[in-house]
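> Sequence:
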Amino acid sequence: MNDSITIEIDEETELPDNLRAVYDIWHALPAAPELPLASGFSLEFVPAKLLPWSVLVDVETDPLDFRFRFWGTERTNLIGAEMSGKLLSNIGDETMREGNREKYETVYKDGRAILCHTPIVTRSGLNSSRLSIRLPLSNDGKTVSRIYSAVDPASINEDHYAYYGTSPKRGL
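Just so you know, we're using my numbering here: the sequence shown kicks off at 5 and counts up by one.
Note that these hints are calculated values from the structure, not bench results.
Heads up, a few of these hints could be off.
[As the list claims (entries may be wrong)] The list that follows gives simulated cross-link-like pairs (lysine-lysine, DSS-like), each with its CA atoms no further than 27 Å apart:
#	residue 1	residue 2
1	K53	K173
2	K113	K146
3	K146	K173
4	K90	K173
5	K107	K53
6	K173	K113
7	K107	K146
8	K113	K90
9	K53	K90
[Stated by the list, open to error] Now the in silico label distances, taken between C-beta atoms and shown as ranges:
#	residue 1	residue 2	range
10	A35	D69	24 to 32 Å
11	S171	A52	21 to 29 Å
12	A52	R116	23 to 31 Å
Where a beta carbon is used, it is the ideal one built from N, C-alpha and C, also for glycine.
Turn these sequences into a full structure, and let the hints guide you.
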C-alpha cells in the first residue's frame, strides 16, 4: 500500500456521494475555535451504507498511537480481523500499519480532512486501489483527539479481498 495519493479536502473537492455526505456532516459540526468538536459527531449521522466501512480512532499521545474505538463490520470482513479496542501499533502487517500511521499522523498534525487514494498489488500481481476519507475531531477545538475514517464501498472489489486473503460476505 505504498505510493498513495493524499488530497486535502475542501468544499470544492469532488467526492463520491457516500464520502461527500459524511464530509458535509463533518463540515457542518461546530468548531470551537478551530476544529470540529468530537462531542458533536455521532456514528448515527453516518449514511447506513458507509457505516460498515467506517472506523473511529482515538488519538493517544504518549507515545503517539491510534486506538480503534469503532471498527466497521465490512472492514472486519475485508481484512479478516476485528480491530475495535486495538492499537494501530499492534497491527502485524507492516505495510498496512505504516500506511495507516502516515495518514493518521497527517490528520493529527495538520488538523485537516484528507482523501486517500491507496493503491494495492494483489497476490496475483494485479493493480487496484481504494478510496478513503479521514476527518479530524477534537475535544478542545484545538488538538485532534479523534479521527473518523471510511472507505468508499464502491472502490472495493474482489481484488481487495484477494489482497487480504478473505472473501466478501454476500446478502448482508
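> None of the hints should be skipped; say for each whether it holds.
Cross-check of the supplied hints:
Distance restraint check for K53 and K173: the Cα-Cα separation of roughly 14 Å lies within the 27 Å cut-off, and the hinted pair is therefore satisfied. Annotation: proposed proximity of K113 to K146 holds, straight-line Cα distance about 11 Å (limit 27 Å). For the hint linking K146 to K173, the alpha-carbon distance of about 40 Å lies beyond 27 Å, and the restraint is violated. A distance of roughly 23 Å separates the Cα atoms of K90 and K173; the hinted pair therefore holds under the 27 Å criterion.
A distance of roughly 23 Å separates the Cα atoms of K107 and K53; the hinted pair therefore holds under the 27 Å criterion. Between K173 and K113, the direct Cα distance comes to roughly 36 Å. Violation of the 27 Å bound is thereby established for this hinted pair. This hinted pair checks out: K107 and K146 have alpha carbons roughly 19 Å apart, not beyond 27 Å. Taken as a hint, the K113 and K90 pair is honoured in the structure, with Cα atoms around 21 Å apart against an allowance of 27 Å.
For the proposed pair K53 and K90, the alpha carbon gap of about 24 Å is at most 27 Å, so the pair holds. One distance hint, 24 to 32 Å for the beta-carbon pair A35 and D69, holds here, with the actual separation near 25 Å. For the pair S171 and A52, the supplied restraint of 21 to 29 Å holds, since their beta-carbon distance comes to about 23 Å. The hint said 23 to 31 Å for the Cβ distance between A52 and R116, and at roughly 27 Å that hint holds.
Hints 3, 6, counting from the list given before, are not met by this structure.
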